[in-house]
Amino acid sequence: NAGVTQTPKFRVLKTGQSMTLLCAQDMNHEYMYWYRQDPGMGLRLIHYSVGEGTTAKGEVPDGYNVSRLKKQNFLLGLESAAPSQTSVYFCASSSQTRTGELFFGEGSRLTVL
Amino acid sequence: AQSVTQLDSQVPVFEEAPVELRCNYSSSVSVYLFWYVQYPNQGLQLLLKYLSGSTLVESINGFEAEFNKSQTSFHLRKPSVHISDTAEYFCAVSDAGATNKLIFGTGTLLAVQP
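Which chain is which? The protein sequence lines are Z and U, in order.
Every letter in the first sequence is one number past the one before it in this note's numbering, and letter 69, counting from 1, is 63.
Every letter in the second sequence is one number past the one before it in this note's numbering, and letter 102, counting from 1, is 226.
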């Protein structure tokens, strides 16, 4: 029973490089989210999706792109990484029938040098 | 726009003592309120939630929170903490819309000392 799985768990990038974080959930959830967590700032929503083929912007979408080609996967892309994107990224999913109950992955720690 | 304020970034407390973690929210519409807990090097887990009905909600491990509309608060309390309660606690608000997306506070680190 994997739940929400994020890959990779750790990554170091140089400024200007690109990368993709993969989130996979096996609970058949309709909704998926990407948050970033920074010290003293809590979690901030980057992008989210309410279904396959749909995405929407959250609080801090600049510098990120997302795609949800399959219901179980939600990809977060950084086209040109910047040091300000150094953070811990969390993916979460939820069922539309369970109000506010998000299931989180274990996080992906990204460092941009 | 909605927002959540957790004024205490860290709360140190001795084992078996009571604790209160404060949360205030701001919203112009009806809201749902939540507390999530994050243990070291893990993702967040739902601790308890208020959607409607009784303003006092409880978790399975002894925490409780009370929704106070007049004070726009949703403080988390536990009468006697354990070492294992050491974690970061996040208050969150949702606008009762159809997306389930949450706005989180900045978190409070509960540090239980023996």
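It cannot be assumed that every hint is accurate.
Said to hold, decoys possible - Take a look, some chain U residues computed to stay more than 10 Å from chain Z by CB distance:
no., residue
1, Val153
2, Glu188
3, Glu190
4, Asp209
As the list claims (entries may be wrong) - Where chain Z lies over chain U, by a calculated footprint (3+ residues, C-beta under 8 Å):
no., segment
5, 132 to 143
6, 200 to 208
Bear in mind the hints are in silico, worked out from the structure with no lab data behind them.
All residues carry an ideal CB built from backbone N, CA and C; glycine is no exception.
Legend entry - Whether U:Glu190 stays farther than 10 Å from all C-beta atoms of chain Z, as the label says: 17 Å, holds
Legend entry - Outcome, coverage of the segment 200 to 208 of chain U by chain Z - at least 3 residues whose beta-carbon is closer than 8 Å to one in that chain: violated (count 0)
Inset, instruction - Confirm or reject the coverage of the segment 132 to 143 of chain U by chain Z under the rule of 3 or more residues with a beta carbon closer than 8 Å to the chain's beta carbons. - result: violated (count 1)
Legend entry - Cβ separation check - U:Glu188 to all of chain Z, threshold 10 Å: Fine: 17 Å to the nearest Cβ keeps U:Glu188 off the interface.
Legend entry - Given as non-interface: U:Val153, partner chain Z, CB spacing beyond 10 Å: 15 Å, holds
Inset, instruction - Take a quick look at U:Asp209 and tell me if its Cβ sits farther than 10 Å from every Cβ on chain Z, holds or violated. - result: 19 Å, holds
Checked against the numbered hints given earlier, the structure breaks hints 5, 6 and satisfies all the rest.
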